[in-house]
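Input sequences plus hints: build the corresponding full structure.
According to numbering that gives the first Met the number 0, the residues represented by the sequence shown are 0 to 428, in order.
Hints should not be assumed to be uniformly reliable.
[Unchecked claim] Below, simulated EDC-like cross-link-like pairs (lysine to aspartate or glutamate); rule was C-alpha separation at most 20 Å, straight line:
(1) Lys1 - Asp25
(2) Lys387 - Asp309
(3) Lys1 - Glu395
(4) Lys271 - Glu246
(5) Lys369 - Asp174
(6) Lys225 - Asp255
(7) Lys225 - Glu27
(8) Lys369 - Asp341
(9) Lys271 - Asp393
(10) Lys1 - Asp257
(11) Lys176 - Glu334
(12) Lys369 - Asp21
(13) Lys387 - Glu361
(14) Lys225 - Glu213
(15) Lys271 - Glu234
(16) Lys271 - Glu238
(17) Lys1 - Glu27
(18) Lys369 - Glu334
(19) Lys1 - Asp21
(20) Lys387 - Asp425
(21) Lys369 - Glu275
(22) Lys387 - Glu370
(23) Lys369 - Asp336
(24) Lys176 - Asp425
(25) Lys176 - Asp309
(26) Lys225 - Asp25
(27) Lys1 - Glu222
By construction, these hints were calculated from the structure, which means they are not laboratory data.
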Amino acid sequence: MKRAVVLGGGVAGIAAAFALRDRGVDVELIESRGWLGGRAFTVPQRGELDAPIDNGPHVILGCYDHFRRLLRRIGSDDRFERTPALRLAFVDRDGERSVLGLSRFPAPLALPWAILRFGGVPLGARLRLLWAMSTIPLARGAGRSLEDWIAARGQRDRPRAFVWDPLCRAIMNADPKDVSASLFLATLRRAFLGSASRAAIHVPARPWSQIVGEPALAQLGREGVKVRLGARVTEMVVEARRTVAVEVGGETLRIDEDVALFSAMPWHALQKLTGERVRLVGSPIVSVYFELESDVGLPDDPVVALVDGDPFHFVCRAPDAPPGTFAVLSGGCREFDGMRTDAIEASARRQLQPYFPRADLERGRARVVKESRATFVGAPGSEVFRPKPGRHPDIENLWLCGDWTDVGLPSTLEGAAESAARAVADFGC
0 MKRAVVLGGG
10 VAGIAAAFAL
20 RDRGVDVELI
30 ESRGWLGGRA
40 FTVPQRGELD
50 APIDNGPHVI
60 LGCYDHFRRL
70 LRRIGSDDRF
80 ERTPALRLAF
90 VDRDGERSVL
100 GLSRFPAPLA
110 LPWAILRFGG
120 VPLGARLRLL
130 WAMSTIPLAR
140 GAGRSLEDWI
150 AARGQRDRPR
160 AFVWDPLCRA
170 IMNADPKDVS
180 ASLFLATLRR
190 AFLGSASRAA
200 IHVPARPWSQ
210 IVGEPALAQL
220 GREGVKVRLG
230 ARVTEMVVEA
240 RRTVAVEVGG
250 ETLRIDEDVA
260 LFSAMPWHAL
270 QKLTGERVRL
280 VGSPIVSVYF
290 ELESDVGLPD
300 DPVVALVDGD
310 PFHFVCRAPD
320 APPGTFAVLS
330 GGCREFDGMR
340 TDAIEASARR
350 QLQPYFPRAD
360 LERGRARVVK
370 ESRATFVGAP
380 GSEVFRPKPG
390 RHPDIENLWL
400 CGDWTDVGLP
410 STLEGAAESA
420 ARAVADFGC
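Listed below in structure tokens is the structure:
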């Protein structure tokens with residue numbers, strides 16, 4: 000087949016379109032929204048704040064090989080501030096600050112040395128943490144929650160509060176009791192078992208629309224991909240194990256014998272078309288963006304973990320952000336479901352005060368952004384509900400990709416990009 004229709008213009012759909020073009024396939028990409036980029040995007044400005052904001056602070060790791068390859072293709076890999084190695088700052092409820100920073104030592108020395116130097120936990124706890132980290136290369140954790148896995152290794156109190164809980168929220172967007180140890184550990188292996196740069200945090204220096212959506216749209220056009228925006232797929236007609244038509248924006252698009260159909264839609268959208276029930280649950284991200292009148296008492300680091308933070312877990316600052324400008328993020332917390340935005344804003348101000356006692360958190364503007372299904376919950380055993388990227392088992396001309404398909408990772412930008420590569424490899428052509 001030399002023609003393909005890709006449904007969904009997120010990272011997986013964009014990556015699939017490029018990969019198909021590389022194989023000489025004529026591609027049409029269909030996206031329901033008016034922009035590309037999927038669940039990560041820059042929100043329309045409404046006047047509350049001066050600077051453009053995203054629907055959550057989006058950061059990536061140096062080990063995101065497939066996603067960074069996509070960024071290089073669309074010309075935006077240089078639109079990040081990056082450090083040579085991981086540097087993650089912490090602040091506790093007493094306002095005490097500490098930093099976990101990997102040296103540029105080669106693996107496997109960088110992580111042990113960083114843990115031994117980490118001042119956030121006492122020496123004995125650091126040694127327990129070092130022992131637990133040493134088991135990661137061979138650990139699998141199949142069918143177990145991360146909470147069970149870390150408890151079995153004596154990771155309680157400060158090691159859990161400073162390391163495991165923040166890493167889990169950052170990687171899995173959920174609490175350790177709710178997530179698969181194996182998915183979490185798979186990400187740690189990618190980040191920490193290579194060079195120190197693979198664990199480095201890359202912070203966007205531009206609005207996310209200028210990282211993915213806009214440059215992807217331009218590059219797809221240059222490479223001959225037809226892109227239809229604002230076109231929602233409402234029906235998929237399947238006959239004799241083949242998709243023969245899809246309803247798109249009120250029109251019927253025939254899927255001829257020589258056309259391959261790629262779904263890069265999220266699981267909850269695809270199951271409405273196929274009638275299948277995918278047993279995955281969404282996990283929210285709630286962000287409060289602040290523009291305070293003063294920068295006094297606020298952290299300089301781009302990402303700061305709030306130790307024992309609840310319901311907010313991280314403070315994020317964009318590179319070169321104006322004084323007093325930052326976001327506070329809550330990952331995987333259902334407390335805010337149905338809550339008014341002014342109450343969410345007040346909750347954020349209250350929680351931040353003991354962490355940053357010198358900051359004047361009451362003087363300034365704020366905006367709340369909620370993404371109800373930012374990721375899926377990578378629960379223990381959820382792998383069995385996630386199909387492998389590639390041909391649909393029951394629909395012969397439909398290939399699946401997306402971060403929710405099973406590439407051995409949780410819901411990440413890297414998983415989305417990698418799933419596209421695997422699906423197109425399975426397609427062959």
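Please name the hints from earlier in the document that this structure breaks, with their numbers sorted from lowest to highest. 2, 12, 13, 21, 22, 24
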